[in-house]
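Participant: So the sequence lines, in the order shown, correspond to chains A and B. Residues in the first sequence are numbered from 709 upward in steps of one, following the numbering used here. Residues in the second sequence are numbered from 330 upward in steps of one, following the numbering used here.
What the hints contain is simulated information worked out from the structure, not anything from laboratory work. Where is the CB? At the ideal position from N, CA and C, for every residue including glycine. Hints should not be assumed to be uniformly reliable.
[What the hints assert, rightly or not] Simulated DEER-style distance windows between Cβ atoms:
id	chain 1	residue 1	chain 2	residue 2	range
1	B	S551	A	V954	53 to 61 Å
2	B	E594	A	P1003	26 to 34 Å
3	B	R635	A	P1003	56 to 64 Å
4	A	K966	B	T665	54 to 62 Å
5	A	A1055	B	E594	35 to 43 Å
6	B	Y623	A	V955	23 to 31 Å
[Unchecked claim] Once the Cα atoms are required to be at most 25 Å apart in a straight line, the calculated DMTMM-like pairs of lysine to aspartate or glutamate come out as:
id	chain 1	residue 1	chain 2	residue 2
7	A	K726	B	E549
8	A	K1043	A	D1089
9	A	K726	B	D490
10	B	K371	A	D793
Here are the chains, one letter per residue:
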Amino acid sequence: MDFEAVIGLEIHIELNCKTKMFCDCPNRPGDDPNLNTCPTCLWLPGAIPRFSAEALEKASLLCLGLGAELQPQSAFDQKVYYYPDLPKGYQLSQARRPLSCGGGIDITDEDGNLKRLRIHHIHMEEDVAKLVHELEGRVPISLVDFNRAGAPLVEIVTEPDLRTPHHAMEFLKALRTQVRYVGSSECSMENGSMRVDANISVRPRGTSQMNTKVEVKNMNSVRHVGDAIAYEISRQSQAVQAGEAVVLHTRLWDPDKKVTLPMRGKFEGPCVPDPMVPVIELSPAFIDEMRSRLPEMPAARAERFVNDYRLTGEEAAFLSADPDVAGFFEALVKKGVAPRTAMHWLATQLIPAVKERRLELGASRVTPERLAALLALLAKDEINANAAREVLAHLFESDETPEAIVNARGFKQVSDAGALAAMIDKVLAGQPAAVADFQAGQGKALGFLIGQVMQSSGGKANPKILRELLMKKLG
Amino acid sequence: MDSIFFYRNPAAAPTDGPLAGLKIAVQPAVSVAGWPADAGSKALANFTALEDATVVSRLVQSGAFICGSTLGSEFGFGLAESRAGEAVKHNIAAAELMLDMMGESRLAACGAGVCGFKPGYGLVSHFGLIGLIPSMEVCGLLAGSCQTIRHLLRALAGPDDKDFSLPDEKPGEFSAPAPEPSKTTIGVIAEAQSALPDAEKSKFRASVAALQKAGFAVREVSFPDWPLFLPVHKIVGSVEASSAAGRYDSVRYGERAPGARNWNEMYLASRGAAFGTLLKSYLIQGAYFQFQRYDAYENACRIRARLVADMKKLTDAVDFLVLPVSGGASEERPGTLDETYGRFAATAFANVTGQPALVLPPASAAEAPFQLAGPRLGDAALLALGDFLLSVREKGK
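Isolated chain B, as found in the complex (with noise of 0.2 Å):
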């Protein structure tokens, strides 16, 4: 199982602290200070990370061992080359930090058969995390079981120094009391289903019969520019990838082309070689609307805008909303940016809104894994939704 793995932890665990014990895997976009750090990109081969991601150092000052880094796909876009949940899967750590750009956490999770959770935007720190979109990523965690990742978020969650992007106030000690069944709404947003097929589509019916049977009252709710968000994802989050990959030019770390008369020529041939097929669509797609179609760019910043107002609606009316995890798309291993996007198309409206989604495992083979999400800082609600819905399933063996 050692491939899984692109760097192991060589220190001893530690042995004080609320999580001492707890090993965790990270992807390598999460910075660990003096571990290689390339984010699964030529462009940051050689690149040490000179200091903790704000997320391992608070986990490492609770006591947790950060086990290793797994290998990841190429700055964590998409899943094509990543092995992010298998450390979860076979024991290996008991959770492992990724990030989630479009849902590569909670759909990484859903391979693994375990507990996937994006937190809402704003809750954990960015410090240290080598991403691609700003607006949309965030450290997502991928975990056996919700009352872990509660545990964990615990420990992570709350305003650093380092991150004047989060908000000032501590969030709440997430020990949200257990949701009583009758007293709680959850909606299923029909268009959310439209593009699975029909064997997935039923599954994803039993998943949400069970909560049902739960005693939770379930109604089916719409959302009907709920087709927006895949294509306001493509649009803001390649423009904020073209702008954060131009520091990518091989000068200090990265792989540099031979041959170049100049520096530009040097920056050109470098990037050229230095980034995969994917990558490289993904940031010319978004030169493309930031030089040439800069007008769409700024109706997907407004559109944006509304389908968090929207959004925001819909969880005033409802407690929690129920959706499949999988975007429909059959391809595992996608090779276009198109087949990449369509995997995370029940995935990515939350990196859209910014709000917190979970993502439970099936309970039988005849059930879909699905996907939880709550209103902006409800974060500890969803887990204690969750935590519950385990619970339940433990009960029902």
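Next comes chain A alone, as it looks inside the complex (with noise of 0.2 Å):
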């Protein structure tokens, strides 16, 4: 039997707000553990949680950001579980009424085609405490590090629209892409700032009934999502046919193993309005202000720079994944940069020169001014492109002008057609088998030519002129 699965997605991830959800304390997980505490996110009696303006802007620009519509009413409730990672036995989270519905992300699934994969709803919640399983000596003890307890996430559940591992995969790429653009998350699983859960779930191809689930967490990078969907699909089409049902529980990826393992169940009760975080209404003020706060989207960036810039789809796409790319790109072009230079240099010069240097593309010294002012003297033929990509090198390492570099490190291209033409007579008298390859038609002699040509003026000659003096010569 041919099998297809339905998957849905629930994706925490942490805003990368200054405080916590609901107190002042810095919202810093990494800290020495338990170090940004007070009484509120300790649970302590008598405490109130005081939900965070922050919070609510963060998470509304996110929801706006992914086409999500705003609630004029949202609320908390207290999620019930015992477990030691929550010591007050309920979670504060949007359980009933959600901060958004609707909102959705276009993939491009795996025959090329534009796949819209809706978003059901986004909710905000507290995190929990982090527990930590050490040995003392041989006994195993757990500690709890409360740096994370009430740190402020939104939670994106979508529809069951997905299908295929590679649409998880683009969905959460495209996700990180969006939030990152709107700035409230950094939207790393690495870091655990981004965790994925996934329900999944077989039936016969071509059939529309809602089977059974299975919900799979601990999947720590997109790859991780996509290969425990692919093993979770096969697992179950596997039991199916088999003849064995498919039962309601959670199963954890092991990375190592490459398998999905069934995790023992924590008890969750039902949900009570929490009393005391008050309703949350936004006003359609409110949501104006953050409507207008929102930066243009990738995919609408991406198609302004295919209309203004006639760049590729490709390349439109690839500059506008990264706001500090695509911003950077922006100001190349407002200083006068030729857009397809600009996105060249970008993409193969300067974001590998930065990550090579584990710096930041808007926080290194290159700046769009330093760099536009050296593509400048590459435009006007001052310097080569080998000579420029020296250039950029000293650029990282000094405050100086690319000119006074240019001068200074004697990078000037040498145009001056009396002094090449010495240089090419020197090199061909030197080089007459390759003059006699050339003259029997062997095109790529050429080339060894202008490399020993070039070579000899120490990079500097301009190649233009170079290839144009010693065609003439070579007759």
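Join the two chains, each given in its own frame, into one complex according to the hints.
Facilitator: In structure tokens, the structure reads:
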């Protein structure tokens, strides 16, 4: 029997707010354990949660960035469960009245077609404490770190629109790009600021029933999500074919063995409305204000790049995927760099160079102004591309202008026909075999000769003039 | 009389501020930084409050002296083991602060023969109050006079950065003018007296007659759904309590039961050992509605909204309401949940609706203590009425 999978994702994203969701403690889960705590996030008796305005703004931006509709009213519930990471016995979560409904992400499926994956709703909730399991001698102990307790989260719940591991991975990549765009989170699965649970069921292809699903957790990269879903689809398909029933439960992905394994269920009770956190009412003015703060989203930006700068769809998508890259690109263009040159230099020179130096694009010495000045020298033929690449390396090391570097280090291109002619004559005289090859019709001998002249010029010869002169001399 | 205190403040009383010289007792559900705050429960044994409740810090800032913490019942629920009211009765303190979840401050005042006031919901900060029913509980005040209560409220009321459930608007100065009896209508809720034994009923009628004698327009009004207040309180209150008490797991404070092999067993055994019978039955009831009969909880919330709306209509039609304090139950020290609720049958309504309510002691042995209630945010006018009635009595003497 041929099976297809029905997949829904639940994605927790940690908002990059300064404080936790219900108190003023710094939202820095990575600090030394239990440093960022207070009676509220330790949930001590008498403390009252105070909902953070910043969390609401960052969450609202995130919703709008995903095309979701903010609800005029949303509210927090108490999601009851008993576990040592949650000493107050309930998690504050918008279980019944979420912040937004609807929205979705367009992905390209395996066949190259555009596919819309819908979002059911997005709600806010507080994170719980982190349990650290260790050995004290030979006794296993569990430690609780409350730095993360009360950290602001949103949970994005998709419709069961996904069918394949590819859909899930593309959805997550696009989601990450869009959330980074609005600036609400870094969405790093490796660092835990984005956590993905997948609900998977299988059914015979062509049918429309919804079968019992299995939840899979513990994937810490987009690739693992794809692998875990693929494994689970094949596991369930085999089980159904063998006549076994799929039971509702949760499984953990084991990245080393590349299998999912059942985990022990934890007790989860129903939700009751929380009496202490006021109902959140969003005024039309607030929603407008959030909308006005929304940056141009990647899809729209890519489209504009294609139209305005005549880039290919692929180039535009590459540039717009990262807001820093897109911003850098536009700054270069604004400074007069030709769009294609800007795109090319970013992709092949600057980004690899920044990465190699473990810097951030927006935080290195190479600002759009300095790179644009360098590229202007290139465009004016004052230096050649080889020299430009070397000047770029110097730009990372000093604050001198590209002109100063070019002048001080003799990167200026030799365009003087007389000087070039002398160099050519010398090379031709020393390479009679190559000259003979060329004249016998071997085209690649020309490249060799150009290389020889370039070398004798110390890399500074103007390649265009050099080529013209050489052709003339070789007749 | 030291036995009424669970903890006494060793510090010296402040001498500055508008409330200087005023000694105030608190029940253990009201946090005072550095004081043991067990809220009357083994589940909170060894817990020391880290911060002052807002009610405490505001009184201290105004110069009042928090003289000690009096013995209370577990989490302030009911009055079974509580000594609330005695400090005021015996002039050890000018006032006492305690949680009012279903009428505790009003019934304690009644027992002590003093005034008891439950502010309307949203007037006084909840920060630092260790309770069980967040949507219904509020800090009640006991004092010898309505004037003292008014002084205290002036310091206590108003928005608090630590409690976002309060409205942003600052309430008035609590200096409502004395009511003009001939222009003031007081409604007597007929259904509220139905459970009273005959002897109490006639005493209550004598109190109502005294209002008429003072010149007020008194008329009987009907609240047909009155019997629903108690079940709504029981269901919503117990569900909130069940959720709120989830944090008492004996990990960080409280008595930890020995012998458990893992954390889950430790939770179960410690919670089993920590809570008293009354509270346990309340929490189990709440868990039942939460986990097994959620529909009943939802219905109770819906009915609550209707009761609030009906009460608003009633308080739009009359200026004040007068009701008995006694729920008619005879047990002074009730053992079961039903008996406990029975004692609070006439007071729980104000916790369901959030309106202010005031208990005044009887003028004579022939009368009963009685309860006055006003519309939401009518706290100042209600206290002015109480003030007026007490001064009429003084003049009559």
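Participant: Could you run down the list of hints and mark each one as holding or not?
Facilitator: Against the structure, the hints:
1. The hinted window of 53 to 61 Å between S551(B) and V954(A) holds, with their beta carbons roughly 59 Å apart.
2. A beta carbon spacing of about 53 Å between E594(B) and P1003(A) contradicts the range 26 to 34 Å that was offered as a hint.
3. For R635(B) and P1003(A), the hinted distance range of 56 to 64 Å is not satisfied, since their beta carbons lie about 47 Å from each other.
4. For the pair K966(A) and T665(B), the supplied restraint of 54 to 62 Å holds, since their beta-carbon distance comes to about 59 Å.
5. Distance hint check: the CB atoms of A1055(A) and E594(B) are about 60 Å apart, inconsistent with the given range 35 to 43 Å.
6. At about 24 Å, the beta-carbon gap between Y623(B) and V955(A) stays in the expected band of 23 to 31 Å.
7. Our distance criterion of 25 Å between C-alpha atoms is broken by K726(A) and E549(B), whose separation comes to about 58 Å.
8. Between K1043(A) and D1089(A) the alpha-carbon distance is near 18 Å, which keeps this suggested pair within the 25 Å criterion.
9. Distance check on the hinted pair: K726(A) and D490(B) sit about 18 Å apart at the alpha-carbon level, within 25 Å; holds.
10. Between the alpha carbons of K371(B) and D793(A) the distance comes to roughly 23 Å, so the proposed pair stays at or under 25 Å and holds.
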